[in-house]
Amino acid sequence: MKKLLPAALLLVALTAQADSYSLPKHAAFEEECGSCHMAYPPQMLHADSWRAMMGDLSHHFGSDASIDDKRRVAITNFLLANAGGRKTGDTRDAQGKPLLRITQSARFDKKHREVPAATWQRASIKSPANCGACHTRAAAGEYSERWVQIPK
Amino acid sequence: MRHLLIIAAALFAATASAETPRDFLTRFEKEAGTAASAQRGARFFTSKQGGEWSCSSCHTDKPTQAGRHAKTEKAITPLAPAVNAERFTDAAKVDKWFRRNCNDTLNRVCSAQEKADVMAWLLTLK
Numbered sequence: 056m057k058k059l060l061p062a063a064l065l066l067v068a069l070t071a072q073a074d075s076y077s078l079p080k081h082a083a084f085e086e087e088c089g090s091c092h093m094a095y096p097p098q099m100l101h102a103d104s105w106r107a108m109m110g111d112l113s114h115h116f117g118s119d120a121s122i123d124d125k126r127r128v129a130i131t132n133f134l135l136a137n138a139g140g141r142k143t144g145d146t147r148d149a150q151g152k153p154l155l156r157i158t159q160s161a162r163f164d165k166k167h168r169e170v171p172a173a174t175w176q177r178a179s180i181k182s183p184a185n186c187g188a189c190h191t192r193a194a195a196g197e198y199s200e201r202w203v204q205i206p207k
Numbered sequence: 004m005r006h007l008l009i010i011a012a013a014l015f016a017a018t019a020s021a022e023t024p025r026d027f028l029t030r031f032e033k034e035a036g037t038a039a040s041a042q043r044g045a046r047f048f049t050s051k052q053g054g055e056w057s058c059s060s061c062h063t064d065k066p067t068q069a070g071r072h073a074k075t076e077k078a079i080t081p082l083a084p085a086v087n088a089e090r091f092t093d094a095a096k097v098d099k100w101f102r103r104n105c106n107d108t109l110n111r112v113c114s115a116q117e118k119a120d121v122m123a124w125l126l127t128l129k
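Just so you know, the sequences run in chain order A and B.
So for the first sequence, this note's numbering puts the first residue at 56; every next one is plus one.
So for the second sequence, this note's numbering puts the first residue at 4; every next one is plus one.
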């Protein structure tokens, strides 16, 4: 029994690892893309989406998120190197343009099917893009069910 | 000679990043060509100028306390240098955020006078 416990703990740790979106640290990405909201995991969008987003940071979802060219290129390369592949699902909108929102992807819808529409409107959540409101360890790239707690 | 160059470069880098909040007030006043007014800065900071947001929408009207991004809800540490030693110590960062936040609240960049006024007001907050 004593020996089983560490083994079980290890298993739990390993499964938690399996759906973790954590990444090696990238200082410029974290500083620039984590200042107005949490830094979203690069794996959650397709490379085409990141390329399109990084091409117009002055008009970023209604905000000016412009940065100097050197950092823009460095962050773009980091995003492209870690972008999601086929698993991100459909990566284009009805007009054939790259999707810019994780929260508008088919994959996001599928993972959140059980969240009622009214829940997203709660004052404590405000926007589906506010991942950290429900995923208590989102900042560490941890989205598994164990770390979900929907606020009132 | 090589060594001297390296030392000079290091010194330059050190001075470039070691700004104090007062340095920004001095710089913006010089660019504006007139003295700053803390009162005008307070009014500018806390009132909407035609757009959806004022500076207070995210930084509160008492920037000695923490703020919250009006759209994303992300916490923002206090802007007043008296309570947050990290503020106004890096010119690239200060210029970047004035550019972005002025565009978002006014749909244009802020004038040197407006920036000087805001600085003067923030420096009075304890």
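Keep in mind that the hints were calculated from the coordinates and are not lab data.
The reader is advised that the hints may include incorrect statements.
Examples of chain A residues toward chain B, derived with CB under 7 Å [claimed, not checked]:
(1) H92
(2) S118
(3) D119
(4) K181
(5) N185
(6) C186
Glycine included, every Cβ here is placed at the ideal spot set by N, Cα and C.
So, going through the hints one by one against the coordinates:
Hint on A:H92 holds. Least Cβ distance to chain B is approximately 4 Å, under the 7 Å limit. Satisfaction of the interface hint for A:S118 is found here, the shortest Cβ-Cβ separation to chain B being roughly 6 Å, below the 7 Å cut-off. With a least beta-carbon distance of about 4 Å to chain B, the hint placing A:D119 at the interface is held under the 7 Å criterion. Interface restraint check for A:K181: the shortest CB-CB distance to chain B comes to about 6 Å, inside 7 Å, so the restraint holds.
Among the interface hints, the one on A:N185 holds; its C-beta lies about 5 Å from the nearest C-beta in chain B, closer than the 7 Å criterion. Interface hint at A:C186: violated, since its Cβ lies 10 Å from the closest Cβ of chain B, which is beyond the 7 Å cut-off.
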